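Engineer: Sequence:
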Amino acid sequence: MNRDNFDLSVYLVTDSTMIPEGSTFMDQVKKAIDNGATCVQLREKKIETKDFIERARAVKKLTDAAKIPLIINDRLDVALAVGASLHIGQDDMDAKEARKLLGEDKIIGVSVSTPEETKKAIADGADYVGIGLCFSTQTKVTHKIPCDPRGAQRILRAICECESDLKTCLIGGINQSNVSRVRYQSGIPDRKLDGVAVVSCIMAQEDAAKATIELAGGWNDTPAWCQSIRRLDLDQKALVARVREKHPIIHHITNNVVKNFSANVTLAVGGSPIMSESSPEFDELASFDGGLVLNAGEATPENFSMFIDAARAYNKNNKPIVYDPVGCPASAYRANFTRSMLVEGYFTVIKGNQDEIMTAAGMSLGVSGGCDSVSNAETKTVLGIAQRFALSTRSVVVVTGKTDIIADGIFDGQTDLVDCDVSKQRVALIDGGSPMMGSITGTGCSLGSVICSFVAANREDPFKATVAACRFYKDAGSVAAELAQHKGPGTFQYLFLDALYQSSIGSDLVSEF
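Using UniProt numbering, read the sequence shown as starting at 1 and increasing by one per residue.
Read the hints as simulated data drawn from the structure, not as lab findings. Do not rely on the hints blindly, as some may be mistaken.
Unchecked claim - Here are the simulated BS3-like pairs of lysine-lysine, each with C-alpha atoms no more than 25 Å apart in a straight line:
no., residue 1, residue 2
1, K45, K30
2, K30, K50
3, K50, K61
4, K210, K60
5, K487, K402
6, K192, K120
7, K316, K192
8, K61, K46
9, K30, K61
10, K31, K60
11, K67, K31
12, K31, K45
13, K50, K100
14, K96, K120
15, K96, K119
16, K259, K246
17, K402, K237
18, K246, K316
19, K60, K100
20, K46, K60
21, K30, K46
22, K46, K31
23, K100, K120
24, K210, K31
25, K192, K424
26, K96, K45
27, K30, K210
28, K119, K100
29, K210, K61
30, K30, K60
31, K67, K30
32, K402, K380
As the structure is a computational prediction, the values presented were derived from the model and not from experiment.
Please take these sequences and the hints and turn them into a complete structure.
Structural biologist: Shown next, in the form of structure tokens:
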């Protein structure tokens, strides 16, 4: 093990204040090392120097035996005393000065949160950077805003710009429940994250050995939601038929205006709708064969924790979620709500109009219209935004409009984007539909119900299922609008539901009316 050959994948950062009753500090560290920790950082903020050195020597015996690095947090004097490596923060001595004192053979890591800090760390000769914070955490008092897994992408791009081989790990609120998503969403096409740094999810656990094994498995194994992904060789008719055959339960958390219509649309296409905003039952609902439509129309502060509970339940059970950031450009509050949702959960499909997707992607935070707001960016521009956003989130992104634009960020279920040929990223443009679809409340939101039904029934290929759903929806809208000519939105609404139903059972739409 040397500066060029060390493993950050399961990086334990110690904290002696959170040892569970019945265990000791050294017990927890040894169990972690014996069960998959690849690197240990000794962090002690309230300990005398003599005691710090004694503890560091004891831990170094364990790390040396396991042939993994011991890294001392902040304290260059302790690192020198025991022959260990060093991690420094932005308020500490810079890496260049530390290198002069520590020598050329020791690892030096630096805490960073911006591309600029990263480029300085590279220039100063750091061997790795710790990126954070990923999620909110109680372990360390800080004023940093969580960056979520995608925040690491900015750092990775900066490293690529410098043509550096600097290693990276992400820290802050990472645990067994989210480590797979952290790896899955943090990478870019040219670079992947090297590991995660954790504290409480090992140090505070009664069974530190089991906790370490589970964390290492979450990092190293293919995410559960990717294991069944493969490209389906099915035509439109077969994809549609699967919905009625499998009759997926589609859990809706949506705005009050569209609940009835969304339920009827779900029934018409062959799904089974359920409306629930009761967090205690989310885990049970997520265990059924189906998916979740998470519509941010009721984005109130009171609802935020409920939205998070739902996303976590469906992520935990590896079930698809269709997230619709309704009206997120309308206010700074709604834009921040959407950003927070993207931090807290993974969404199989993210669906919205142009303004909503641009805001969700961080392209615009200006005040815009409500749920019917539509910008007029060129198709090529919107397609590019959708493609980049899909890669960033590792989701299928749907931009609705006269032409629906769909971009795939899931590919064939690869964990890391570096293993994907992004030049072959799948995209689709779906024309059709009718302006009449905008004359009744709920057609935009209820597309989410159809997409979720199709994805839940065709789990192997979320992109193809989403394309089929959008095409199916527009075709039904076109037929209903043609039949409702010279009439009004009331007639169109019932004809639209009938068209969805007739198409779902395999009938020829035109001949059935």
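Engineer: Now tell me, hint by hint, if it's right for this structure.
Structural biologist: Going through the hints against the structure:
| no. | hint | in the structure |
| --- | --- | --- |
| 1 | K45 - K30 | holds, 21 Å |
| 2 | K30 - K50 | holds, 22 Å |
| 3 | K50 - K61 | holds, 17 Å |
| 4 | K210 - K60 | holds, 22 Å |
| 5 | K487 - K402 | holds, 22 Å |
| 6 | K192 - K120 | holds, 20 Å |
| 7 | K316 - K192 | holds, 23 Å |
| 8 | K61 - K46 | holds, 22 Å |
| 9 | K30 - K61 | holds, 10 Å |
| 10 | K31 - K60 | holds, 14 Å |
| 11 | K67 - K31 | holds, 15 Å |
| 12 | K31 - K45 | holds, 23 Å |
| 13 | K50 - K100 | holds, 24 Å |
| 14 | K96 - K120 | holds, 10 Å |
| 15 | K96 - K119 | holds, 13 Å |
| 16 | K259 - K246 | holds, 22 Å |
| 17 | K402 - K237 | holds, 23 Å |
| 18 | K246 - K316 | holds, 22 Å |
| 19 | K60 - K100 | holds, 22 Å |
| 20 | K46 - K60 | holds, 20 Å |
| 21 | K30 - K46 | holds, 22 Å |
| 22 | K46 - K31 | holds, 24 Å |
| 23 | K100 - K120 | holds, 16 Å |
| 24 | K210 - K31 | holds, 9 Å |
| 25 | K192 - K424 | holds, 19 Å |
| 26 | K96 - K45 | holds, 23 Å |
| 27 | K30 - K210 | holds, 12 Å |
| 28 | K119 - K100 | holds, 19 Å |
| 29 | K210 - K61 | holds, 22 Å |
| 30 | K30 - K60 | holds, 11 Å |
| 31 | K67 - K30 | holds, 13 Å |
| 32 | K402 - K380 | holds, 14 Å |
Checked against the numbered hints listed earlier, the structure breaks none of them; every hint is satisfied.
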